[in-house]
Amino acid sequence: MSQQKINQYRRDFLSKTTATAATGAIAPGVMLMSVGQAQARPADKAVTDKNRWGLLVDSNKCADGCSDCVKACESENAWGSGSSDEQKSDAQQKAQWIRTVTLKNKLTGSEHQLPMMCQHCEEPPCVDVCPTGASFKRADGIVLVDKHICIGCRYCMMACPYKARSFIHENLHDQAPEVPRGKGTVESCTLCVHKIDRGDGNTACAEACKHQAILFGDLKDPNSAIAIEMKKHATTQIRADLNLNTGVRYRGI
Amino acid sequence: MKPVVHYSAIEGRSIAYWGLLGTFGLFLLLGLGAVWVMEHNGHYVTGMNNHVIWGLPHVFAVFMIIAASGILNVASIASVFGKKMYKPLSRLSALMAIAFLAGGLMVLMLDLGRPDRLVIAATYLNPKSVFAWNILLYPGFFGAVAVYIWFMMEKRMNQYSHQIGLFAFVWRLLLTTGTGSIFGFVVARNGYDAAVLAPMFIIMSFGFGLAIYILSLMATCRWTGRELGDNVIRQLKNLLGVFIAAMFYFVFVLHLTSLYGTENHGFENFILAEGGLFTQIFWIGWVVIGLVLPIGIVYHPSMSKSRTWIGIASAMVIVGGLASMYVIIIGGQVFPMTIFPGYEVSSSFGDGAIASYTPSIWELGLGIGGITLALAMTTFAIKILPFIPDSLSDELMDPHHAAKTAEADKSETNAV
Amino acid sequence: MADSIGPELKINRANGDECVLPAEEIRKDHMKHLNHQRDDTMYDGIRTKQFSLKECINCHANKDEEGKYIPVNAPGEFCQTCHAYTSVKLDCFECHATKPRDTAFHPIVTDKMKAFVEVHETPNTKSMLDAIAIKNGAK
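Chains as they are written, first to last, in the numbering used here: chain A, 1 to 253; chain B, 1001 to 1416; chain C, 2001 to 2139.
These aren't lab readings, by the way, just hints derived from the structure by calculation. Incorrect hints may have been included.
[To be verified] Now the stretches of chain C that chain A is said to cover, found in silico as 3 or more residues with beta-carbon under 8 Å: (1) 2041-2052; (2) 2063-2077.
[To be verified] Rough simulated footprint, nothing fancy, chain B against chain A, three-plus residues with beta-carbon under 8 Å: (3) 84-95; (4) 151-158; (5) 184-197.
C-beta atoms are modelled at their ideal positions from N, C-alpha and C, and glycine is treated no differently.
Use the sequences and the hints to build the structure in full.
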């Protein structure tokens, strides 16, 4: 072969290899970006039922005495210790969006704990009983309270099998701009809907958990981490007998 | 010639009358003041919290709403079941039904977190919500009973009294069932998930309503100098006895059937034995004062003939009724939900623990405000329109029975 | 001229001299747009910025001498001035925040939260976030 041809081959080889290597280096980044952008819905597009957001809580991983998820939720949504409000309400009147529940096995005496929040049911009793339709389920499965039309009758609080909802018992001043809350209305965990809509792709509690006990994701996406995880081992719903098809599933109850 | 019953508006010019109305007005104002405190500051001033979300106002409100439909019973017995003796009693019965429903609704609506949004509640209705059905059932009741009163008062419409009476009767059954369903549909809570609650509420409405009616009728006739025959009282008293017996049966059945299921043992034990205040209110308030003592009075050979004792029996039924509402509504909330069967549960949000509830003066003020609204409406209305018959003497009400009794008395005297 | 009607407003012109609509229009129709937007946001998750209440406040909230935001419903402040003049009760701020977010961190704090947790071994609370922000020179 002539030297020129060899050089040509060399140049071709080098350029192709470099191109491939460069593509290989950039591609994951591009893919990540496109994945990230796929999670952020454009601001002017309505939500659809293409996704169904949910959580997988592994109680086995939930560390005894830890309440990081609670503190993160408080900080993100400005309630409890994350806000200077609710000073006049007593301990039973203060709102609580998420709580850690300690379970003691009556037979063995052993204890474990898990976080509990609004279960974002597919058939929410709170939505059924709300007289004005303020308690509603969004197309993507998140159950919310429209505080513009909530009259504060508290029937949803009565109907919720998980005691997920709280009523605001006094005037508030220190709300987070993304999370409106007000006296005389009912509220509960919003699955960080403002973060989801913004494209953060995660809830505050799941982000904060150091033990990976909470996993957020799209239950309808077979490739999502949560869907894959749920196929690995059995999961249950709290009060599965009520047939509410909750969006929050548990392991280790 | 058959004696005709005349009706007239009461005079209502005495100092006692205006004093009574004034007292009602005062308590109503205090009630509205309590509402202002709750609405302006928020519900932190009350004893209600995130675990006991419905408190004393709801005890009063549900009591009044149930009683309202039961008060209408007296009119229904005349128009629907054809008992002539009850006919003159009908107008007052229909009036008080409206008044007590209004009072109950006032309490409910003013306890809302955002009562300024009532217009939304009237315009956006969720078809699956019992509350939304009630928003249609309650005005329907007002309308039906108002028409009923009109038909009773206007001579040419008297012939249709039966039809409208039947309509109102069916409507109030729907309404009371709806009120019972508010609790019966709440599958999440041990104290409420019982189908027998709906018919029990209906029977309770009969009892509470009649007790309130008897007291009001006796007071009205006494204070306006109208005759009220012994026989009339006797028949009403006997009916009350039947209703109390029926309520007793339902309470018995409710707890007996609940006790059968092991899953209910926790709640039943709480109410019947180890619930502290709730157990006391159940046994002493609901059972003894509300059922056992009044039925004893009603069937006692000499006490049952005394109007004072009958009045006391009626008052006891009312007290027992409020106690029953307290046990059902508040007891049902105070007992923790079984979210994790088989585990002992604890958390920072009261899971697994008996919740605490201490009623505040504001809630009591609102509840009493509702009662006084009902009484004030009645007191005022009987002065404006002819609700009360001029006389409810035995001869007028039930000539045959009066004649028979007179015959029996005469033959007794002759025999002696 | 819009300026000739009603009281004088304390308008923050730092972000420009114009609102999202001409002054006459926005003064008359802001509730129409806000009511429409609120339903779109609540039920459909549409969060466009033009009629977002949060964006109104981000622009219209004034700061005091110490550089801290004043609530927009405080006496003399933007929303309150007109609403007091027209005697129309402001209901929005029963629930909605009256001030923009004033921590230095951008809302998407995932990386920073992770870094925070690594350093401090505890999730951030608002007060700690604020303290760090102020230390880093936030106003």
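Going down the list of hints, with the structure as the test:
1. 2041-2052: holds (count 8)
2. 2063-2077: Since three or more residues must qualify, the claim that chain A covers the stretch 2063-2077 of chain C is violated, with 1 doing so at under 8 Å.
3. 84-95: holds (count 7)
4. 151-158: holds (count 7)
5. 184-197: holds (count 3)
This entry does not satisfy hint 2, going by the numbered hints stated previously; all others are met.
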